[in-house]
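2 protein chains.
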Amino acid sequence: MERLIDKTCQDFTHALASKAPVPGGGGAAALAGALGTALCSMVANYTIGKKKYAAVEDDIRAVLEKAEALQTRLLELVDEDAAAFAPLSAAYAIPKDDPTRDTVLEEASLRACQAPREMVRLSCEAVKLLEEVLEKGSVMLLSDVGCGALLCGAAMRSAAMNVYVNTASLQDRQKAKNLDAEIDALLTVFGPRADRMAEDVSRRLRKER
Amino acid sequence: MERLIDKTCQDFTHALASKAPVPGGGGAAALAGALGTALCSMVANYTIGKKKYAAVEDDIRAVLEKAEALQTRLLELVDEDAAAFAPLSAAYAIPKDDPTRDTVLEEASLRACQAPREMVRLSCEAVKLLEEVLEKGSVMLLSDVGCGALLCGAAMRSAAMNVYVNTASLQDRQKAKNLDAEIDALLTVFGPRADRMAEDVSRRLRKER
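These protein sequences, in sequence, are chains F and P.
Numbering-wise (the numbering used here), the first sequence opens with residue 87 and increments by one.
Numbering-wise (the numbering used here), the second sequence opens with residue 87 and increments by one.
Be aware that one or more of the hints could be misleading.
Treat identical chains as interchangeable: a pair holds within one or across any two.
Stated by the list, open to error - Subject to a maximum C-alpha distance of 27 Å in a straight line, what follows is the list of computed DSSO-like cross-link-like pairs (lysine-lysine):
no.: 1; residue 1: K214; residue 2: K136
no.: 2; residue 1: K152; residue 2: K222
no.: 3; residue 1: K261; residue 2: K222
no.: 4; residue 1: K105; residue 2: K182
no.: 5; residue 1: K138; residue 2: K152
no.: 6; residue 1: K293; residue 2: K263
no.: 7; residue 1: K93; residue 2: K293
no.: 8; residue 1: K137; residue 2: K222
no.: 9; residue 1: K136; residue 2: K222
no.: 10; residue 1: K93; residue 2: K105
no.: 11; residue 1: K222; residue 2: K105
no.: 12; residue 1: K93; residue 2: K152
no.: 13; residue 1: K263; residue 2: K222
no.: 14; residue 1: K105; residue 2: K136
no.: 15; residue 1: K293; residue 2: K182
no.: 16; residue 1: K293; residue 2: K137
no.: 17; residue 1: K138; residue 2: K214
no.: 18; residue 1: K214; residue 2: K105
no.: 19; residue 1: K261; residue 2: K293
These are calculated hints, taken from the structure and not from any lab test.
For reference, chain F alone in the conformation it holds in the complex (with noise of 0.2 Å):
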């Protein structure tokens, strides 16, 4: 089967936008993280060779090959989000008197969680990655690091939603809190940090003139 991250930028969005079952929101938030994180990547490849940038020049390699080892695992996630989605609509199509419909729906929302849960855990990676190029990376290419600030932001929030929507229906109430209480707590620390870094970056921005 084609995956969705070979299906053309149009194509997907023309597919999201559509009643076809996937991608959905947890697919575009994939997507948005890894483009977030390219830019983190694009930011590095401009400063590595750059005299002016040679005392950092360690560091900035080693944030890119974090940062395509996350691009990548985000891209992964695009199919593999939309993956949990056919179980998932399975076990709600079964019967509510049937009595094996609880067991499966809970398994497949607990699997439906995952997918987004590493989203979130990588969005908020991809954020520490853009603080370095920030600190130590070309000035040239600033807005692009507001970027990419800003798309991780919205994925890691994004994922967080399709983490709730999910836990919301499941059983094992004290799973549904564990898991919850794991995204929240990433969400405290890293989402002002992305929001900080945008506006840092808006007010450098505007103050270059």
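Please arrange chain P on chain F, whose structure you already have, making use of the hints.
The following block gives chain P in isolation, referenced to the frame of chain F:
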């Protein structure tokens, strides 16, 4: 020449990360806006034809039509933004003592403001449409409305940075101020509206359990 939006999602992301001159932050912003707008259309598509929402069907159809137009235009802007990059890059490469440099650079900078400026405007329009589907559309797709709001919020702010970075180098300071003021006025209104919508959705998702 192959359009950027005809690249696969994977290849677009790789090109964004690379030292290829385009896409950059502006293209990523337009794509994020198109994805957010597509989520608005998706919610509309799942609402239309449902008995429960028959009373608002005409409104939702009108929203869908507008969202589809915004999405089409935002996708076009990915490549229009890229097309403005080559002349800008060429203008910066003109030797500083060349008497034509200032005029050519001024024109290229002004042109480079246009695509991101329109992205800001269209992403703000998408926020209005998302508000309407949040109010009237299927509650089954609540998380997708939230993701749409987050992506359009990130798109408008990312696009704004790509205006600021170009107005910064304009010689005509009055024109620069006017452009910045136009963008600021839109962000001041629609940035918080996108954020509030996302917070509202998040709260509702976590309550429904």
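Against the structure shown, which of the earlier numbered hints fail to hold, in ascending order? Violated hints (numbers, rising): 3, 7 and 13; every other hint is consistent with the structure.
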